[in-house]
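Listed here are the chains, written in short residue letters.
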Amino acid sequence: MAAIGRGILRRGIVGLPAVGSGSAARSMASWFGHVEPAAKDPILGVTEAFLADPSPEKVNVGVGAYRDDNGKPVVLECVREAERRIAGRLNMEYLPMGGSIKMIEESLKLAYGDDSEFIKDKRIAAVQALSGTGACRLFADFQKRFLPDSQIYIPIPTWSNHHNIWRDANVPQRTFRYYHPDTKGLDFASMMDDIKNAPNGSFFLLHACAHNPTGVDPSEEQWREISYQFKVKKHFPFFDMAYQGFASGDPEKDAKAIRIFLEDGHQIGCAQSYAKNMGLYGQRAGCLSILCEDELQAVAVKSQLQQIARPMYSNPPVHGALVVSTILGDPELKSLWLKEVKSMADRIIGMRNALRENLEKLGSPLSWEHITNQIGMFCYSGMTPEQVDRLTNEFHIYMTRNGRISMAGVTTGNVGYLANAIHEVTKSS
Amino acid sequence: MASLEGSVFSSVVQAPEDPILGVTVAYNKDPSPVKVNLGVGAYRTEEGKPLVLNVVRRAEQLLVNDLSRVKEYLPITGLADFNKLSAKLIFGSDSPAIQENRVATVQCLSGTGSLRVGGEFLARHYHERTIYIPQPTWGNHTKVFTLAGLSVKTYRYYDPATRGLDFEGLLADLSVAPPGAIVLLHACAHNPTGVDPTLDQYEQIRLLMRSKGLLPFFDSAYQGFASGNLDADAQSVRLFVADGGECLTAQSYAKNMGLYGERVGALSIVCKSADVTVRVESQLKLVIRPMYSNPPIHGASIVATILKDREMYEEWTIELKAMADRIINMRQLLFEALRTRGTPGDWGHIIKQIGMFTFTGLNREQVAFMTKEYHIYMTSDGRISMAGLRSQTVPHLADAIHAAVTQIQ
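Read top to bottom, the protein sequences are chains A and B. To convert, note that position 187 of the first sequence is 187 in full-length UniProt numbering; the numbers rise steadily by one, no gaps. To convert, note that position 56 of the second sequence is 56 in full-length UniProt numbering; the numbers rise steadily by one, no gaps.
Chain B on its own, in the form it takes in the complex (with noise of 0.2 angstroms):
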């Protein structure tokens, strides 16, 4: 039957494709036999599959045959086990922070959900609306900090000649930056570069940002998953907890534990004092409860189980440890087989960038090209997943790029 009217939001157009889930639709729909998909970020065995790890699927068996578990609502802060077992794996469990009651941790959907939850309650509580951001960074960070309210602005980072860190135009403009302004920094494995300051870096990033009063917000989606130690991929993040200051936290469960769909993370906020924590943790919920009330248990469910028993830790560790490995072993054939063809250019970043992506420096004429004659898929940016490799694909993509480079400038 005819409607009655117009509808009221017959002005709504279509959004644009999202640039980077656009990458899988072109490569879906291309029938080449060597096609290779090296955009989305999500880890791919050697024969290209998904993974669910197996010490997932065994969490995921004892919570089934589990009659006694209900399905009941999480409390708006969600399962309070996932909680303290997070922020223990990124404060380190004798964190002084996490003794001295210092730390409000909620359950949040994934990074994305916990960058936005931190990001809204910073619009409310804090003095200073403005966020510094890293040049390049995630395509969505932006829209997750504009929508929760605060103004983004960037700070250099990636040095395209180098195809390394810029510390020097980073510190300058941090330098500049309003006292108590926010900055976000990714915790390990920079994406999309892959390009991660050093520690001594680190150090110096700390001692300015504290002289200045300016705000530390770690996103970290790859713990455990750059270098294959989860002690070692925190170490950014407790080098300033340790000197006793305020930060925040968002912690995903995505890919170190293959938990993607499930929407698993955590966001925690350290806080100067015990009872400014509990303040923090009790506004926290009025961010949470308008939006979705409480967080999803399933995959929350299967972090705690993991977490909280020593032989299925031990076995992540393990299993963890082999993807970062494969994908430093993807990184290093992938260089040799440059090396190999005599590739133009200084490809030592492709093993020096660490985690997921490799920022290969190909321009978008280049990456055009490499799609049309070689069908491979990767964002414009020239951002490579090192995911998406296997060895047999790895000579194919050398040949790619190297076809780019000697014939495009």
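In isolation and in its complexed conformation, chain A is listed as follows (with noise of 0.2 angstroms):
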């Protein structure tokens, strides 16, 4: 009797088999046997497999990091003194929600012109946050919050993640034609019949300079045309705006686009990375900005950037922030960045000559034009997956099978290797 009672008590509440100090548990499946594995990133799955190869010759066109002539990762002088300064500081307390204050009066000052206006007026709600993913990512969410019905034009092609990013929002996605395959530069005529065919008062994802993956921009004038169109169209822009600086090489030039939107009245959203510009990949560096009518709005648009955060990691890490204020802060120092970062991005201008003068030496059928007519870290070469598949299969050339490549990994030592390389799978087309 005894035992039988101790049996029941045992069986627990809804008559599942005994419970002992681990049977129970043990006897059960998983709750995630169900659970799928997920795909590989396209553009990290590249790093992985050159990684793996043990081919001497190898070359890694793949993810856009920078990489010296030595195809070695750079830390800059003027980041590794900042740090210097920062080690042993007095505390490492909770930045507030909103991010390093100093972080932010900086970035906008970069983006937005050092005697902006609407810095002056108070105009800017922003945010810290991490590097450009986040960025996009909180305006994307806020977005949602804000406009529910709203819906985002993104350009094709665009970085793969931006899809994830408004997916993960909820964002309905629309596209619009960018680059034009013949040319390899930007159909123009499409992009902009696109943005007139939208519906009035729809949000846009532009990339502010060094497009990525086409290194495709418009120039002065499209960018002028484009604004025009959009206080017709009443549409929103949102500029990513990753390579600043890096495009080429200075800073002002490269926010050219945002400051022809601002001075057309525009009330821009934009997402500020420093992860290449300043090196600061892993630090998740970067700024939400979004321009509102008045400083009381501004204030309550920011209240609500920080509601979004704060679910999400609460506030944002101080180390990379101090980096970039350290920086930009220190008038020696921001002017020895600038000269860093026009450096590296002089280099890769050299590489894309370099590239495409030793095409041309191999008398190659194509046009290579494209090679330096666009601009930032990456290239389109217009090479098909096939052919892509041959450079990693027979030279061991690692890069994305869209054919972009990432010309922050040519070098000098390498370029001729790559350029035989290319000329060898395409000679025939």
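It is worth saying that the hints were derived from the structure and are not from the lab. Values in this document were obtained by computation on a predicted structure and should not be read as measured data. Zero decoy hints are in this set.
Heads up, simulated EDC-like pairs for lysine to aspartate or glutamate below, C-alpha to C-alpha not over 20 angstroms straight-line:
{"hint": "1", "chain 1": "B", "residue 1": "Lys29", "chain 2": "B", "residue 2": "Asp18"}
{"hint": "2", "chain 1": "B", "residue 1": "Lys352", "chain 2": "B", "residue 2": "Asp159"}
{"hint": "3", "chain 1": "A", "residue 1": "Lys122", "chain 2": "A", "residue 2": "Glu263"}
{"hint": "4", "chain 1": "B", "residue 1": "Lys285", "chain 2": "A", "residue 2": "Glu48"}
{"hint": "5", "chain 1": "A", "residue 1": "Lys72", "chain 2": "B", "residue 2": "Asp66"}
{"hint": "6", "chain 1": "A", "residue 1": "Lys109", "chain 2": "A", "residue 2": "Asp330"}
{"hint": "7", "chain 1": "B", "residue 1": "Lys352", "chain 2": "B", "residue 2": "Asp166"}
{"hint": "8", "chain 1": "B", "residue 1": "Lys84", "chain 2": "B", "residue 2": "Asp309"}
{"hint": "9", "chain 1": "A", "residue 1": "Lys72", "chain 2": "B", "residue 2": "Glu72"}
{"hint": "10", "chain 1": "B", "residue 1": "Lys143", "chain 2": "A", "residue 2": "Asp168"}
{"hint": "11", "chain 1": "B", "residue 1": "Lys285", "chain 2": "A", "residue 2": "Glu36"}
{"hint": "12", "chain 1": "B", "residue 1": "Lys285", "chain 2": "A", "residue 2": "Asp168"}
{"hint": "13", "chain 1": "B", "residue 1": "Lys49", "chain 2": "A", "residue 2": "Glu93"}
{"hint": "14", "chain 1": "A", "residue 1": "Lys109", "chain 2": "A", "residue 2": "Glu332"}
{"hint": "15", "chain 1": "A", "residue 1": "Lys40", "chain 2": "B", "residue 2": "Asp275"}
{"hint": "16", "chain 1": "A", "residue 1": "Lys122", "chain 2": "A", "residue 2": "Asp294"}
{"hint": "17", "chain 1": "A", "residue 1": "Lys253", "chain 2": "A", "residue 2": "Asp115"}
{"hint": "18", "chain 1": "A", "residue 1": "Lys427", "chain 2": "A", "residue 2": "Glu394"}
{"hint": "19", "chain 1": "B", "residue 1": "Lys285", "chain 2": "A", "residue 2": "Asp41"}
Starting from two chains that each stand alone, build the complex the way the hints lay out.
Written as structure tokens, this is what we have:
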């Protein structure tokens, strides 16, 4: 009797198998047994494959991280100095939810101009964000919360993670034409058509400079026309600026598109990243800003952006922010940074010239003008996935299958080999 | 120049001030020389200053001086060393779950980030969308899980009458939870009450939860900070992992390594098999990539540097124990000060509660009185951060509590 009683008690409330210490838990199946393996990230998977390749000739022109002429990652001198100054500081206290005020101030000056009236009038709602990704995600979540019926127009092609960001924010996506595969340049006419045909008041994602993955940017004239059409259609321009300074070597020049839109009276949104232009990749340093009607509204919008950050990560990481504000807030360090950014941009421009020259010297039947027309870290070569596969399989050259070459991975040491290989796989096309 | 049109965001209203951070805002505005800030939960020294642990300074110097270090992107899942060491820290280095490759660990942005990523993963891949959180709990839990896509319910936890655990209420509420529901448990040093179940009570909770297939999600924000001993503070988690079942754990290094603003944390999911673990980790990446791509490197590097070095690890445990001991000492001093004053009521909970916070049991009116008359800043739920107390401010706080309790009911 007693044994049966004990058995019943141990069986628990809902008649499940006896619970001893361990037995019930061990006999249950996993709650996550149905979980499918996720597809690998298309960009990051390239570097994985590169690392696994034992060939001494291998070349990685996949991921967009800067390399010096020896193919090595670079930590800028201005960053090392800033870190020396920061180490051993008084505390590591939480930043406010909106992040470092100093870092935000400096970021706004960089994007909107040192003397921007919008900064003076305190019309910009801005928060520190987790690099460019984090800035775009905060904006996407904010867009969903306050304009739940809106959608986002994204260029074809774009950085693949843009699609993931707005999808996870539950904002429906549309696309607009951008890249012309025949000219390997901007399909301006189609782009303008799509802008005109979109319903009034649509949200558009624009790459401020050095479009990723194509390297194709509108000219200044074209930007003015785009801005004008945006006025007519009352569209909202959201700029993703991940390469300021890195494109032309001059941050002011690279912000031209944004400044044109500001002059024309648009109230823009802007995502800024310090991953490439300050080489702070893993520090996740960035800024999201939204230009508002007035100071009151900017305060309200900022408070709401903070409400989105709080349940995501509470407050942003302090280290990268300190590096940015230390550099930009010190005239000497800022000047050093500008020099270093220019030399990175110049090296890339030099490699573009070298790759094109090499291909032309090899007598390629194709035009390679686009290599030097395009700007920034990436070159959209126009090669097919099959040609890219041949590059990888026969020549151990690693790049994404859309034919995107990260020029930052090209060096004087490998440009000849790269040109040869490209010529080999394309000469009969 | 005039802008074109009204802003598309002109309907956006200002969000309310965060209740916890608002306390510090008010404190900063007060000119009184006797003001005391017992609001936010960040550790302060006997001198009332924030603290960077010595071992953290050393680790940072090592990193700064190592010119071979670069700032490249971490993988989406974060720093591999950091992840392995964090799992060992919470589950124990001899944990069979780790040895059997059944733990998926991803670096996240402190406790908040770990909870959010875990919540989002569950909302996408788990069959039950309800999470039960204790009443009361940290103010940000509800928002984190709601935005992750889960529906939030509560279970009884704190008993205002005893200022201790409402154990019967807890068991009763979890007994009627739908099978499979997720249950948030504070691994130790419950925030805001400081009230923790005993290990025996945890064992009963474990049996109940496993019999109903309830999924444990541990929030471990104070490991080592509660008792001063890292292993002791992980017992609740290890009890559950030892039975071979599945669970989630969010770890934070904000308090126990003083890395607050560096946002260092880890989410671990303990699965039934290595095969499931691999797939789970791959799906975690899909949650993280569109949120911030990959986590920040600096804080995680500091943690990994310390955890993997025998001597630095020892130094950390000593500094950690010193912080925990100072807090335990403040509890003792406050308790004695109230006893000396003959303050009405039973104040034993001050020394029974554990961790950074004490739920005093004072009501809103009493708290408001203490702020107005004695310049004591604390949250209106009666929670005080013991970390903000110093031996020289204890008498003033005791006076304030005494006055509040005797003058206001």
